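Engineer: Here is what each chain is made of, one letter per residue.
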Amino acid sequence: MQNIEKEYYGNKVLKGVSIELKAGEILAIIGENGAGKSTLMNVLFGMPEIHGTGGYKGKIIYRGKEVVIKSPHHAMELGIGMVHQEFMLLPNFTITENIKLNREITKTNIISAVGGKRLELLDLKTMGKQAREALDKVGLGVGEWTVVEGMPVGYMQFVEIAREIDKKGIQVIVFDEPTAVLTESESQRLLAVMKKIAAEGVGIIFISHKLDEVIEVADKIMVMRDGEQITTLEGKRASAMQLAELMVGRGIDSSQIAEKRNFDNAENILQLKNFKVDMPGEKVRGIDLNIKKGEIVGFAGLAGYGKLGIANGIMGLHPASGEMIFEGKVMKLNDTMSILKHHIAFVSEDRKGVGLVLNNSIENNITVPAMQVYKKYLKKVLFFSQIDRKSISRQAERMVKELNIKCTGTKQKVGALSGGNQQKVCIAAALALEPDLLLVSEPTRGIDIGAKQIVLDYLKRLNREKGMTVIITSSELKELRSICDRIVVVTQGKIAGELKPDAPDGDFGMLMSGVTKREEGERNE
Amino acid sequence: MNEKLKLYCKIIGLPRLIIGGFTLVLCFMLPVLGLQTDMLLSQSITRIFMNMILVLAMVPSINSGIGMNYGLPLGIVCGLLGGALSLELGGTGGVGFLTAIFISLPLAALLGWGYGALLNKVKGSEGMIATYVGFSVVAFMDIVWLMAPFHNSAITWPMGNGLRNIVSVEGAYEKILDYFLLIKITENVEIPTGLILFSLFLCWPMWMFFRSRLGVRVCVGGENPVYAKAIGINVNRTRIIGMVISTCLGAVGIIVYAQSYGFYQFYNAPLMMAFSCAAAILIGGATVKKASISNVIVGTVLFQTLLTIALPIANEIMPEGNLSEIMRIIISNGVILYALTKAGDKK
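Protein sequences appear in the order of chains P and W. 317 is the number that the working numbering gives to position 317 of the first sequence; each next residue is one higher, with no gaps. 259 is the number that the working numbering gives to position 259 of the second sequence; each next residue is one higher, with no gaps.
In short, the hints are calculated from the structure, not lab data. Where hints are given, some of them may not hold.
Unchecked claim - Facing chain P, according to a computed beta carbon distance under 10 Å, are these residues of chain W, among others:
1) Lys10
2) Ile11
3) Arg213
4) Ala310
To be verified - Here are some chain P residues pointing at chain W (derived, C-beta under 10 Å):
5) Leu317
6) Ser321
7) Pro369
8) Lys390
9) Arg394
Note that the structure is a prediction, hence the values are computed from the model and not measured. Virtual Cβ for every residue (Gly too), placed ideally from N, Cα, C.
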């Protein structure tokens, strides 16, 4: 692949990436979420979303010839296969049926002799035999006629691999974070299988977050960041630290890093003890954490590792367990109303779904939460309390001015605003709740650079002027480092470590990729 | 000027322009065809306000996020039961009318609560479930009407057990609201002031309700349940509130309808009533997600006027057979279909 460029609606996500893969070689691609790894693979597979959004620039040269891959099916015909992160298996089918899906082997019978190939029957025996061979190759001992449903996830991963290598003429296999769901020993076996497949002359592209695995198997390692190809290293020579630095390193200069403040003597505003949250895709598996009054704390970590679950769990939006103490009082978990009444407010990462009612006006979006929680913006008419349009408009206009929300008026529908302005409305709604503790998740996701800075500066101002404690969860490490007093890195649903914003880039990368624990342990000994 | 016109068109909405225009054309056809224009228009007014409360019953159900209350027959049978009992007890005049309402309300509230709880279990397919709740409750009540030990010979079959198909409220409280402060303009034109006042009087607290904290909560729960949850609203509860109000309005609505119509219709009569109400509010500009009191008023006016004057015209043009009933079904179902497809592409 040469000079691949891809734009989504004017937003460049791939800025000229070239990769080269030889037969029998393992190429690892690493990078943070949003670095462009998946987009690159989607180009390789001719996924409909690529062609549907204006195609790509650059060339794909496959076995010496330039090709334009039109569809995933086309990619398959060319001999490019993929092992997905989420399993693409039919749970009620047997392993053999899954492996042979849409490539079933058929044999002729009387009817098909007349009616043609479509009427041929399945040759179950041969299918089973070939499936067995493929399973043996990946070292999976289960019977080829077992139903997929109910199998351990590790097995499913291997069935996927077996399906790919069973394809005739397979030349390239892409492994998209195959070890994310596997246990340590399963991962080891998978890596061994990968080496074995490569030894048979198949090229492998391996996408992963786990640096130690990458170093173990890859011949070449390409580091991507923000859609750019940072560098390509020899696999054997790389060190985890070096990779981590390359992956995260945004070259943040010291002037942008938040100034140091000391909170050693401040009292705790929030304490979490063995706090667990069952949020799909963002599970929190027991954390202990103290937040001091007046701090800005950042939660960093890769997507799917549980950083988003913490704030959602505190607010009671996903079932939480453990203990939560706020301002010295033990809080009732999973009761959103009572948590809001204690002046904890939340700006959700899902702006359009959870944060706003898109079909409603700006002023309603800003004031309805406070009206419901504190009975504000109401007036008495005879014996009934009625909403007080005047005070609602006043509050909304004040917030529009303060946050510089660009709109035609406070009655405009929120859905018509740009992402940045929607985010400001979300923050305004949270502020109407007069929070002592403000939880903000992904405040800058999907908004333009100018608005990003305004949002971040405003959060900082709230903290400095009103003494509001702020917890920010973000995938943008640079932003966290520019305003937080400390940054908590979350991996695998647990706290991997805590860093000051001026800690070296490599430390962040190491913590986020989850290599530290073992190595830190060694260092301590 | 052109700009302004476009703006008005946008506010009123294309469907209302088309249907309103069609109604106007029909109005002009009345004298041309030699029909009694004044009487038909006066009838329209009565029809509008006797149906308004039933249409109003759709509002809380839509706004609480359940969508059209196709299970409106549930409220209607509660009203019918109240009505039958009031007649059985021999209530007449205002007392009889109020007895009917007071018997039916607690019943409707109770059933509405259970119905809301049921719909909370089937989120996403309320429309279908509600329709069948309506159908089955009507069938169930068929048995009740037959078996219940009513004794008043004015309402039971002359022979055997059970209520008659159609029970007149003549002599009890027929047109008690219509005749209250009745304004008679000519022989054929009357304005049923009492009925109008009563209907609007029920619209008013509904309007107040949606401007209160609880009302806002119900609406937010309907518009975006996840958002509502994030600001501490129990969406299941707001949906039940919406359903209870809707069912109660259905009960009151049928009693008001009956006093004006002159009869209680038992057995299968309530079966299809929800559909014409749904059609009316959709014509009025409501969507399956949001409805207001003005939608109710505009929609009922347009829909009932259309029905009242379209049928005699249809009969005049095509005299053979029982065309009016078929027309009514085509118009009301056609409107629902149209409005629902329109509601779909707003996403």
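Engineer: Please go over all the hints and tell whether each is borne out by the structure.
Structural biologist: Verification of the supplied hints:
no.: 1; hint: Lys10; result: violated (14 Å)
no.: 2; hint: Ile11; result: violated (14 Å)
no.: 3; hint: Arg213; result: holds (6 Å)
no.: 4; hint: Ala310; result: violated (34 Å)
no.: 5; hint: Leu317; result: holds (6 Å)
no.: 6; hint: Ser321; result: violated (18 Å)
no.: 7; hint: Pro369; result: holds (4 Å)
no.: 8; hint: Lys390; result: violated (13 Å)
no.: 9; hint: Arg394; result: violated (17 Å)
Violation of the numbered hints given earlier is confined to hints 1, 2, 4, 6, 8 and 9; the remaining hints are satisfied by the structure.
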